[in-house]
Amino acid sequence: MATKDFHIDPGDHFSGTPDYSSSWPPHCVSGTPGADFHPSLDTSAIEAVFYKGAYTGAYSGFEGVDENGTPLLNWLRQRGVDEVDVVGIATDHCVRQTAEDAVRNGLATRVLVDLTAGVSADTTVAALEEMRTASVELVCSS
1 MATKDFHIDP
11 GDHFSGTPDY
21 SSSWPPHCVS
31 GTPGADFHPS
41 LDTSAIEAVF
51 YKGAYTGAYS
61 GFEGVDENGT
71 PLLNWLRQRG
81 VDEVDVVGIA
91 TDHCVRQTAE
101 DAVRNGLATR
111 VLVDLTAGVS
121 ADTTVAALEE
131 MRTASVELVC
141 SS
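Take the sequence shown: its letter number 136 is residue 136 in the working numbering, and every next letter is one higher.
You may find that some hints are simply not true.
What the hints assert, rightly or not - The following label-pair restraints were derived from C-beta to C-beta distances: (1) G11 with G80: 17 to 27 Å; (2) S44 with S142: 18 to 28 Å; (3) G11 with S44: 19 to 29 Å; (4) G31 with S142: 34 to 44 Å; (5) V81 with A134: 31 to 41 Å; (6) G80 with L115: 22 to 32 Å.
Unchecked claim - Under the rule of at most 25 Å between Cα atoms (straight-line distance), these lysine to any residue pairs were calculated in the SDA-like manner: (7) K4 with G118; (8) K4 with N68; (9) K4 with C140; (10) K4 with V125; (11) K4 with F37; (12) K4 with A134; (13) K4 with V84; (14) K4 with D36; (15) K4 with E83; (16) K4 with L115; (17) K4 with D42; (18) K4 with P39.
Hint data in this document are derived by calculation from the structure and do not stem from the laboratory.
Fair warning: this is a prediction, and the values are worked out from it, not measured in the lab.
Yeah, the Cβ is synthetic: ideal placement off N, Cα and C, and Gly gets one too.
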């Protein structure tokens, strides 16, 4: 499964003068190439996509729903999933919140650090420490 920022009208999540914490330049706008997966990503193994942030800022994949409106946690539970690996962008925002929510929901959680990218070095270092403190396992993919 995968998650996507998928903004339709996210209100003050978009800003002409973003703070890069709660407001951002426009990104992942529905109907634009920015909302697509990167063309190099092999999507053949993705069973479901969970869309988040349509009308508000959303950072955790657990805020997302699939095309049928099923929340991510319900989808995972229906399939007996008890452990997850988290990758993607941004380490210091979406990856961190998704990983921490996974732990809060009782899932054994790993972040494959070499398959993530952060917004800034300082906030990424802090996010990695926060995840470690929250019992997220930080590993490399290889």
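Exercise. Taking each numbered hint in turn, which are not upheld by the structure, reported in ascending numerical order?
Worked result: 1, 3, 5
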